[in-house]
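Peer 1: Line by line, the protein sequences are chains A and B. With my numbering applied, the first sequence corresponds to residues 1 to 256, in that order. With my numbering applied, the second sequence corresponds to residues 257 to 408, in that order.
No false leads were slipped in.
Simulated crosslink set (EDC-like; lysine to aspartate or glutamate; CA at most 20 Å straight-line): (1) A:182 - B:331; (2) A:115 - A:74; (3) A:115 - A:125; (4) A:183 - B:331; (5) A:182 - B:340; (6) A:70 - A:117; (7) A:183 - B:330; (8) A:183 - B:340; (9) B:407 - B:304; (10) A:182 - A:33; (11) B:388 - A:224; (12) A:70 - A:125.
Derived coverage of chain B by chain A (criterion: at least 3 residues anywhere in the stretch with Cβ under 8 Å from a Cβ of chain A; other residues may be distant): (13) 319 to 329; (14) 379 to 387.
If you're looking for bench data, these hints aren't it; they were derived computationally from the structure. The structure presented is a predicted model; accordingly, all values stated were derived computationally and were not measured. The beta-carbon is built from N, C-alpha and C at its ideal position, and this holds for glycine as well.
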Amino acid sequence: MKPRAALLAVLALAATVARAEIPEAERRSGYHDMGPSVQAMQDDDAANPGTLWLLQGEALWDRRQGAAAKSCADCHGAASGLAGVAARYPAFSGVSSRPIDLEQRINLCRTDNQKADAWAYESRELLSLSAYVARQSRDLPIAPPADPRLAPFLAAGADLFARRQGQLNLSCAQCHDDNHGKKLAAATIPQAHPTGYPIYRLEWQSLGSLQRRLRNCLIGMRAEPYAYGAPEYVDLELYLMSRARGMPLEAPGVRP
Amino acid sequence: MSRPDLVAAGLVASIVVWGPSPLAAQGLRTYVANGDSISVSLTGRPGDPEKGRAVVANRQVGLCLLCHTGPIPEERFQGSLAPELSGAGSRWSEGQLRLRIVDAARINPATIMPPYYRTQGLTRVARSFVDKPILSAEQIEDVVAYLTTLKD
Numbered sequence: 001m002k003p004r005a006a007l008l009a010v011l012a013l014a015a016t017v018a019r020a021e022i023p024e025a026e027r028r029s030g031y032h033d034m035g036p037s038v039q040a041m042q043d044d045d046a047a048n049p050g051t052l053w054l055l056q057g058e059a060l061w062d063r064r065q066g067a068a069a070k071s072c073a074d075c076h077g078a079a080s081g082l083a084g085v086a087a088r089y090p091a092f093s094g095v096s097s098r099p100i101d102l103e104q105r106i107n108l109c110r111t112d113n114q115k116a117d118a119w120a121y122e123s124r125e126l127l128s129l130s131a132y133v134a135r136q137s138r139d140l141p142i143a144p145p146a147d148p149r150l151a152p153f154l155a156a157g158a159d160l161f162a163r164r165q166g167q168l169n170l171s172c173a174q175c176h177d178d179n180h181g182k183k184l185a186a187a188t189i190p191q192a193h194p195t196g197y198p199i200y201r202l203e204w205q206s207l208g209s210l211q212r213r214l215r216n217c218l219i220g221m222r223a224e225p226y227a228y229g230a231p232e233y234v235d236l237e238l239y240l241m242s243r244a245r246g247m248p249l250e251a252p253g254v255r256p
Numbered sequence: 257m258s259r260p261d262l263v264a265a266g267l268v269a270s271i272v273v274w275g276p277s278p279l280a281a282q283g284l285r286t287y288v289a290n291g292d293s294i295s296v297s298l299t300g301r302p303g304d305p306e307k308g309r310a311v312v313a314n315r316q317v318g319l320c321l322l323c324h325t326g327p328i329p330e331e332r333f334q335g336s337l338a339p340e341l342s343g344a345g346s347r348w349s350e351g352q353l354r355l356r357i358v359d360a361a362r363i364n365p366a367t368i369m370p371p372y373y374r375t376q377g378l379t380r381v382a383r384s385f386v387d388k389p390i391l392s393a394e395q396i397e398d399v400v401a402y403l404t405t406l407k408d
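The following block holds chain A by itself, in its conformation from the complex:
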């Protein structure tokens, strides 16, 4: 009875989501919407500014921290053992009773396992370590977990994506499903696949998270952005990952 209900819920969701989704063969990463010089910057570790954050992330991986005086490596061993992890986040957390994204997972390890303070969103440390963990999944396909507990949050994310918001009364879907490839002033509207995060954005002159990117789009719509870490962002991240399933991760990406 229960699994049947869950299955029906998943099928119903698949039906609503399938309505607007870009067909698999037509999916393209934002990488393909940018010029060759920015692509070359992403492809070459020596030119990719994200490498600076990777180096710091590598150092943080091995550093013993917090009251427990443990490093990430003490529990996980070599970072390469985390290949594939970034490709399947956000994932359901029993502690939070809802999905959490990679940054929140890293902070849970800090507070629960290292007995250290959580890092602030967009702090150099959190970006460095999440870039370093995400790098271990480079070129691996995005693989959202088939976890029925995620279904209501995925549905909430899909719903948010289609909701008109802000003074300009626009939805994410109107730009990214219906008008990708067209020009919004100088910018080519990408399909909004979360393939490259955290990204080095030339406009930011910094690495930034997917939540920072979503915040930028909300501000562009003149909608009130959510606070960093808000469940709405994680639901959106979950939906974006599901919408991009099978696409290879490129983190750390570079975007104009």
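The hints should help you fit chain B onto chain A, whose structure is shown.
Peer 2: Just chain B, lined up with the frame of chain A:
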């Protein structure tokens, strides 16, 4: 359809679930939509086409060139989400243009063209823009006056 309907009672009621609120109570001027047009100036006066051109060109004020292209050559990087503005003045009457700027969703509910003179039926408007239309009645009249000069 051709019967004039007071927007304060008609449009807003059809969009806002929690009931109509008179435009005047929102600090907006009341206007009458007749079919697909608003024939009377929102301010009671004609707008200034030169000021209207400046509003259209300004990416922080009119935002028009984010989506549209128009005969404003000094502005580079115009959008390609929407029809060319050149010729708008021959395709549409002044009243039709006015309604399209005030609330394009009245004509096409699925439109991406923002509602420039509506503050209700919107979701999560950023704090600094709550209860404010995108453009003032004066700015809308200026834009309409400019668009009517775009004859081809």
